Amino acid sequence: MSIPLLEVTPKTQNQRVPGFEVPNEDAPQPYRFREPASQSDVQELIWSAYRQIFSEHLILEEYRQLALESQLRNRQLSVREFIRALGKSDVYRREVADTNSNYRLVDITFKRFLGRATYGKDEQIAWSIVIATRGLHGFIDAVVDSDEYQQNFGDSIVPYQRRRMEGRPFNLVTPRYSDYWRIQKSTSGSSSAFAQGRQYQAGDRDLQVIRRGIPASFLNMAQGILVPQMNYQRTTDQARGVAAAYTSGQTASTHDVPPPPTVKRTNVALPYRYIPTQPKV
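For the sequence shown, my numbering gives the first residue as 2, with consecutive numbering after it.
Simulated from the structure, these hints should not be mistaken for laboratory data.
Computed from a predicted structure; not experimentally measured.
Fair warning: there could be bad hints in the mix.
[Said to hold, decoys possible] In silico lysine to aspartate or glutamate, DMTMM-like type, Cα no more than 25 angstroms apart, as pairs:
#, residue 1, residue 2
1, LYS122, ASP142
2, LYS89, ASP142
3, LYS122, GLU8
4, LYS112, GLU70
Using the sequences and the hints given, assemble the complete structure.
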């Protein structure tokens with residue numbers, strides 16, 4: 002028996018209020034599958050779906066779902082089923098689901114599939130229970146089959162951000178580099194505290210970050226990786242002395258090498274002696 006979705010009180014947001022603004026470049030541009038549709042129109046609709054769901058404005062070759070594209074072109078899939086399949090793909094799981102906590106996964110999925118942000122933490126908690134009980138595929142099915150999706154996009158419209166008054170578009174929000182992702186990466190390496198068999202203490206990670214920024218620690222690290230330099234001038238002079246000893250018939254021992262010339266200190270007169278005298282006539 003599945004757990005029913007918890008009731009959430011919606012907050013007042015822009016997408017729930019009819020707008021009276023003048024259409025401009027920030028106005029949403031819905032992509033609809035109309036019949037008859039040319040191949041260029043279908044291709045533009047496919048790219049818009051990739052941009053919205055995968056957040057890729059320059060789609061990578063490995064992210065393309067060629068089988069789904071073919072079924073959409075042949076009218077075997079509706080736009081809604083195409084969006085559902087993109088949410089269940091390995092790309093969405095690897096790039097979005099695996100890099101976030103369930104709370105942030107709910108928020109990002111709502112932004113990309115429903116065109117709005119979540120109504121606070123309560124809605125994120127309610128839908129995270131759906132992820133925990135039904136998995137990612139069951140969560141995507143619940144979102145795409147919801148009444149909100151049907152009322153706003155139906156079977157032939159690619160989801161879009163319904164209202165955007167400020168900030169970046171939802172599909173430009175990267176799923177990585179949040180606190181959850183950074184902590185997960187910092188504890189997944191072989192040199193982490195968990196790999197060494199000990200637990201992190203409170204504030205331990207903050208102390209490590211602070212210690213890395215101390216100039217003395219950086220200088221000690223830099224001195225440890227410096228390569229000792231060679232005095233090439235002195236080495237060249239020694240080689241020339243050894244070669245000269247060989248040519249003169251002497252043995253090539255270290256005491257046969259002529260010592261380096263010494264410079265004696267010269268007596269310097271006071272500057273008064275250098276004052277020019279009266280020139281002779």
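| task | Provide an ascending list of the numbers of those earlier hints which the structure does not satisfy. | result | none
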